[in-house]
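Undergrad: Listed below are the residues making up each chain.
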Amino acid sequence: MDSELLVRLILLLPLAGALFSGVLPLFLPQLRTSEGLIGTVSTAAVALPFAFAVYLFATFSGDPIITSYFTWMAAGDLSIDFAYRIDELSLIMLLVVTGVGSVIHLYSTGYMHGDSGFWRFFAYLNLFIFAMLNLILANNLPVLFLGWEGVGLCSYLLIGFWYTDLSNSAAANKAFIVNRVGDFAFLLAMFFLFREVGALDFGTLLAEGPGIDTTVLGFIVLLIFIGATGKSAQLPLFVWLPDAMAGPTPVSALIHAATMVTSGLYLLARLSPMVLEVPHIMVIIGIVGAITALMAATIAITQNDIKKVLAYSTVSQLGFMFMAAGVGAFFVAIFHVVTHAFFKGCLFLCSGSVIHSMEHVEHDLEAKGHNMAGFDPQDMRTMGGLKDYMPSTRWTYLISTLAIAGIPLLAGFFSKDEILFKSFELGYSGAFYGYVVWGIAVVTALLTAFYMLRSYMLTFEGEPRWPDADTVHPHESPASMTIPLWILAGLSIVGGYIGLPAVIQGGDLNWIHHFLGEPYGGPVHEMKDLAKVPLALKWGLVGFGSLIAIVGAYIGYRAYRPGQAMAYDTALQNRLGGLYTFWDAKYHIDDFYNEVIVDGLLDTSKKVLQPMDATLIDGVVNGVAALSQSVSNGVSRIQTGLIQNYALMLVLGVVLVLGLIMVGA
Amino acid sequence: MDLSGAFTAMWADLPAIFSMLIVGAAGLVVILMEAFQNRDPRIPWLTAGAFGLAMGWEAFQLGTAPDTAFFEQLRTGGYAAYINLLILGAGLFTTLVSPPYLRRLNRNFGEVYALLLFATVGMIMLGTSNTLISVFVGLETMSVCLYIMAGLLREDEGGIESGFKYFVLGAFSTGFLLYGIALMYGTTGTMHLPEMAGAFPDGVPLLFWAGVGLVIVGFGFKVSAAPFHMWTPDVYQGAPTTLTGYMSTASKASAFAALILILFFALPSAQASLVLAVLALITMAVGNVMALRQANVKRMLAYSSIAHAGYMFVALASGTTAGYSGALFYLLVYTVMNLGAFGVLALLEWDGMAGRKQTLSSLAGMGLERPVLGASMAVFMFSLIGFPPFGGFIGKYYIFAPAVSAGLTWLVIIGLLFSAMSGYYYLRVIYVLYMQTAADVAEADRAPEGGFAQPAWLSTAAVALCAVLLLVLGVAFSGVVDVTEMLFIQADAMAQTP
Amino acid sequence: MALASVTFFALALIAIASAVGVLIARSPIYSALSLVLNLLSVAGLYLTMNASFIGVIQILVYAGAIMVLVLFVIMLLNLDALPSPRSIGWGPILGFVLGIGLLAQLLYVMLTSFGISLEAAEPVTTAMAVENGSANTLGQILFTEYALHLQVAAILLLAATVGAVMLAQRRFA
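Chains as they are written, first to last, in this note's numbering: chain E, 2 to 666; chain S, 8 to 505; chain Z, 47 to 219.
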């Protein structure tokens, strides 16, 4: 098959799906309630591209396929095509986005059943896939940026999907505004790159970009990294992601866990040759990632909202990916992106399933005459014991929990272990920050296992904690929701085998490394000339990593074992005291933004800008208005004389023109 | 003179004026049909068909090499086809939106369509003229039809007055144009534009430049450049809205096209650049400042169209092929957005007790009540401001960029300031459409129940198509820009090989 | 040549004077008659330049048909003479100043351009000039080189007629 046509179809099918379910129902209201039709078309519009992606993957020859559809703009030296690039990196991302995307679409047909905005939801979701595909398939930065903004827009629309609730709109606005900061940095980086290189397509950029003067390149990479921290929720811009959980849960799974938030990593991996030229920036990337991971993990311990736990866990896992990027192991970052998409997608979908059934519980309780005002179907404190009612959800949640905890032989184990190893290897080669990153990563891994087990235990084990638990029972979700859970859970088990660790045959079986890595002809560069870690030490590290995960998981199990319920939380609170409160308050970062930046801005605008606006700007505007008023008064005085005066004006013009033309240019 | 040879040549040149033939013949048929059956309902269809057929023909001529026809009186080839497509497209759009509007005003006469077709014949001749004679004949044919259209609403206040003003002032300005033509002919001894630039082996006499200045005056009147713009608000307001849309786009497109041809072919040096720059400055200032305070949307759009003529003069003042091709591209964008805006207005104007209502307040809340029209209007307004990703943004870029290259940075900065200022009055329309409801406006300005015409799907579709087209032009513009650039590269080659 | 020059300037003076007369005459009849004189003197100018056909048409169409129509209208409407203006507004004064300015500009332009001469391919003899102005030559050019313009001009006239009839005669409402 013609790959150019396939790429076109991959891109256009989701767009067509978005138009179908977004535009048609505007005019045909009866279509809005045809959930079967809309769900099928939208899901097919993502599943078909997945099939094409598999075909492209299977027939991929190793040379990038670049297809250019038309020139978008040409101005002076700048010529930008709508060009797309299929290479190893974009193929991996393509498979993840369309694969996980179609599973989540399927799930959504069950999850959104009965919602009056069903059609709108699927339109946004398909539009998101389209934008995301633009982002990962783009062959130049402007098209990538188009996708980058597109996913931001869709994320905004979907976070605020239930916009009648003001807090949801506020969360959507927050996500949009915080992202804007990062986007601005990204734009600046793009302008700098164009100034330095004179082109923005990846072919030229990657060939000439690394040759830019290191000082300038440092700034460029830093700006790109700042852009990435916005989209991928890192310090200091991660605050939007936990709030973004206001959107429907499939959105959290697709956009805020599996795909969009990883685009910052994708960007860094794509530009890896340039990033590798500026080691001092890489230190920043690695350390920022590490600190973010640790902070988010500690916050996650204190959260009681099941989705908030997962959200902070996502921030933490993204931190892991940035650690990998920071130590120059971009392919490992992508590896973790892939496995994370599986298990975190699964976890979110499970939480959706749980929330769904807890909403039914709430409904039933209300029918029984309980006052449900303070009840939150997402609060783990009112859950417990769900394993008996929701077996599929429970098992898949457990599998992916163990996977993210890094229990050996599951997907998360391989990718996380690789990150630990790569940072250790860098430290071993003499770059001290490698050890720092490694150390923080180990602690974070321990915490991860702990808080994930906590969330599992609180939700599924122990005694039910909602009122009237004897008579009111939750129910397992329909098959359209549990099938996706099992698919993703299965992938969470086997997904890690695409990147077997270095201890096995010296890393020769690490498929993803061979597929993506530059030494093997792939597009993703990596740190070179690293010292060789002895095999025994490698085994030791693997063993240590496994031990950490198992110990963390065990502590979590013990602490929240059946019968204990929430007791350990109180104990922890007492033992840690102020630190716990500090974590619970999310390190006061939100407060910092609100009190210092937002209030500061408000103050400034009240005290400085408002008077200035009132006097200066308004003065000018009113002046112009008054001027135009007097001008129009003058004109209307001319108009009383009717045509003669118009003609007079015309003659005035003639005299003017003749005078000027005699003067000449 | 060998007459038989002449007739063979004319016969062979007939395909070059295919559009004129089709459109002119359709006009004659329309008059006959109207004579046999009053308000024959087939007339709009026939008119639209003629426009469509001619457009189809021209679309195939886009890529052809430049040439002349009818004893070098008319230009053919890509440039001509592009301009003709613009004019015919405006005609087609007007034919599609007019019937419901004119029917509501009880003015759905066949003659209106005949005049539309005849005006188009004149415009085609003007826009593709290769001699000053063609310029004059085309211009007058177009103008006479427009004078009548402007006065169509005879009983309406301002209706006949608008037609009369337009006619008298038009005749006055034609005097200057004719004088200019005479001076240009007198000093060069030729009517053919491409021969003029080379007619001065030893220095260009001032007399020639005076002629050029007077011709610019004549065109300045037609494209409503300040200070020759005074008729515009009155005429636009008094004329039937859909025909106002036609006047403000097609006639400007063809007049600008002819002016570009004159500037490009006939001028030996850039002496006129200062005049054009100053006219651009005054026009942008007058248009934008006066538009600020208009409560009548049609009047506001009239001043807006003056302002846009100013922007186009900026491109002409740069005097480079890039500037001319930018102006051509802008003409396309401008035509689409202005046609659309007037189209929306025509569909939202209501027929209250006191006649047509065109105040801004009468549109309150309409954006939600008529979603397609509202959204389209929003697109037109954003595009008129020059907001990405709509065509208006790209258009402005392509007219301002050549001016910067030509050293007119001061003018471009002023132009950008005025563009920013224009946001105020364009956004106000969107504000009223979406943020206000009928309850927010004075009783007198409210639309009565059922005051609006029944939804006319064809007209609405045509308006929506304009909005979509603007979006397309704003994103995938390079193809069109390439075309306009290519037209001038071809024309360049043509000018060099006499 | 001397005679030609004398005739030219004489006719030109009459044309200007009668044009001024059109403007300043208080009675519409005098105004119209001045216009007739003006048109006649312009026709005379055409004749001195060997444009005999146009000269004759000028007399037939303008001085004859159209002016007779104008006079009839004036008489039928029984227009009174305009009252003498009590004061002159700023409009006419400004117009006068502008007019003078325009005249000065044009005169300046003419004076600077007196030196130019057109390169004629061959010297124009009187016989040729007479031939060029004849109805025969005009007809040939009009139906070959300007055939298209002739047709478009016909459309113009048709449009004007249709429009006039429509605006004046159609029953609206």
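Just so you know, these hints were derived from the structure itself, not from any lab. Small disclaimer: the values here were computed from a predicted structure and weren't measured. Even for Gly, the Cβ is constructed at its ideal location relative to N, Cα and C. Keep in mind that the hints are not guaranteed to be accurate.
Each pair of labels, with its calculated beta carbon distance range [said to hold, decoys possible]: (1) Ala-302/S - Gln-645/E: 40 to 50 Å; (2) Ala-427/S - Leu-188/Z: 48 to 58 Å; (3) Thr-205/E - Ala-19/S: 43 to 53 Å; (4) Gly-137/Z - Ala-277/S: 30 to 40 Å; (5) Ala-16/S - Gly-137/Z: 17 to 27 Å; (6) Leu-21/S - Thr-205/E: 26 to 36 Å; (7) Gly-63/S - Gln-611/E: 56 to 66 Å.
Facing chain E, according to a computed beta carbon distance under 7 Å, are these residues of chain Z, among others [stated by the list, open to error]: (8) Gly-141; (9) Leu-144; (10) Gly-147; (11) Leu-148; (12) Gln-151.
Undergrad: Run every hint past the structure and note whether it holds.
TA: Going through the hints against the structure:
As the Cβ distance of Ala-302/S to Gln-645/E is approximately 27 Å, the hint placing it in 40 to 50 Å is violated. At about 53 Å, the beta-carbon gap between Ala-427/S and Leu-188/Z stays in the expected band of 48 to 58 Å. Between Thr-205/E and Ala-19/S the Cβ separation comes to about 51 Å, which falls inside the hinted range of 43 to 53 Å. Between Gly-137/Z and Ala-277/S the beta carbon distance is about 37 Å. The supplied range of 30 to 40 Å therefore holds.
Look at Ala-16/S against Gly-137/Z: about 53 Å separates their beta carbons, and that is not inside 17 to 27 Å. Evaluation of the 26 to 36 Å hint for Leu-21/S and Thr-205/E yields a failure: the beta carbon distance comes to about 52 Å. One distance hint, 56 to 66 Å for the beta-carbon pair Gly-63/S and Gln-611/E, holds here, with the actual separation near 59 Å. Restraint check, Gly-141/Z versus chain E: the minimum CB separation of about 5 Å is within 7 Å; hint holds.
Among the interface hints, the one on Leu-144/Z holds; its C-beta lies about 5 Å from the nearest C-beta in chain E, closer than the 7 Å criterion. Restraint check, Gly-147/Z versus chain E: the minimum CB separation of about 5 Å is within 7 Å; hint holds. For Leu-148/Z, the interface hint holds, the least distance from its beta-carbon to any beta-carbon of chain E being 5 Å, beneath 7 Å. A least Cβ separation of about 5 Å between Gln-151/Z and chain E falls short of the 7 Å threshold, and the interface hint therefore holds.
In the structure shown, a violation is registered for the earlier hints numbered 1, 5 and 6, in ascending order.
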